[in-house]
Amino acid sequence: MISSLMRAGERLAGQRDPRLSQGLRLAVLEGLLSAAPYLLLYWLLASLFDNTLQGWSLIWLALGMLACLIGRIVVGALGTPLIFTGAYAMMANARLRLVDHLQKL
Numbered sequence: 001m002i003s004s005l006m007r008a009g010e011r012l013a014g015q016r017d018p019r020l021s022q023g024l025r026l027a028v029l030e031g032l033l034s035a036a037p038y039l040l041l042y043w044l045l046a047s048l049f050d051n052t053l054q055g056w057s058l059i060w061l062a063l064g065m066l067a068c069l070i071g072r073i074v075v076g077a078l079g080t081p082l083i084f085t086g087a088y089a090m091m092a093n094a095r096l097r098l099v100d101h102l103q104k105l
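Read in my numbering, the sequence shown has 79 at position 79, and its numbers run on one by one without any break.
Please keep in mind that the hints were generated in silico from the structure rather than gathered at the bench. There may be inaccurate statements among the hints.
[Said to hold, decoys possible] Label-pair distances were calculated between CB atoms; the ranges are:
#	residue 1	residue 2	range
1	Ser3	Ser34	19 to 27 Å
2	Ser4	Ile73	29 to 37 Å
3	Leu105	Pro81	33 to 41 Å
4	Leu105	Ala8	18 to 26 Å
5	Gln15	Leu58	44 to 52 Å
6	Thr52	Ser3	39 to 47 Å
7	Trp56	Thr80	29 to 37 Å
8	Gly64	Ala8	33 to 41 Å
The C-beta atom is built at its ideal place from N, Cα and C for all residues, glycine as well.
Could you build the full structure based on these sequences and the hints that come with them?
Rendered as structure tokens:
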């Protein structure tokens, strides 16, 4: 569904903006980074219930969750402006194409 909307926007704008594509890839990575702590939390709870949790594994799991959080913030800060600028540039081009078409009429 999202790909059909992307293609419709590209047809309307007459171009594909690489910033939008790169921003969307970063948004997917941000989604993966937001899901990763749940896997680490599952691993933490499973080892807690099995009584196999040790001090260092707890520290590594906490650091992994913190790294996912920091990575998500950084990737989101990089990707969100790319999405907005890419979409704005594509729609600006679509408006210019519409004005050119209306002037020809």
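Hints versus structure:
1. Ser3 x Ser34: 19 to 27 Å: holds (22 Å)
2. Ser4 x Ile73: 29 to 37 Å: Once the Cβ atoms are compared, 31 Å apart, the range 29 to 37 Å for Ile73 and Ser4 holds.
3. Leu105 x Pro81: 33 to 41 Å: holds (36 Å)
4. Leu105 x Ala8: 18 to 26 Å: Since the Cβ atoms of Leu105 and Ala8 sit about 23 Å apart, the hinted range of 18 to 26 Å holds.
5. Gln15 x Leu58: 44 to 52 Å: Because 51 Å falls inside the window, the suggested range holds.
6. Thr52 x Ser3: 39 to 47 Å: Since Thr52 and Ser3 have Cβ atoms about 44 Å apart, the given range 39 to 47 Å holds.
7. Trp56 x Thr80: 29 to 37 Å: holds (36 Å)
8. Gly64 x Ala8: 33 to 41 Å: At 40 Å between Cβs, range holds.
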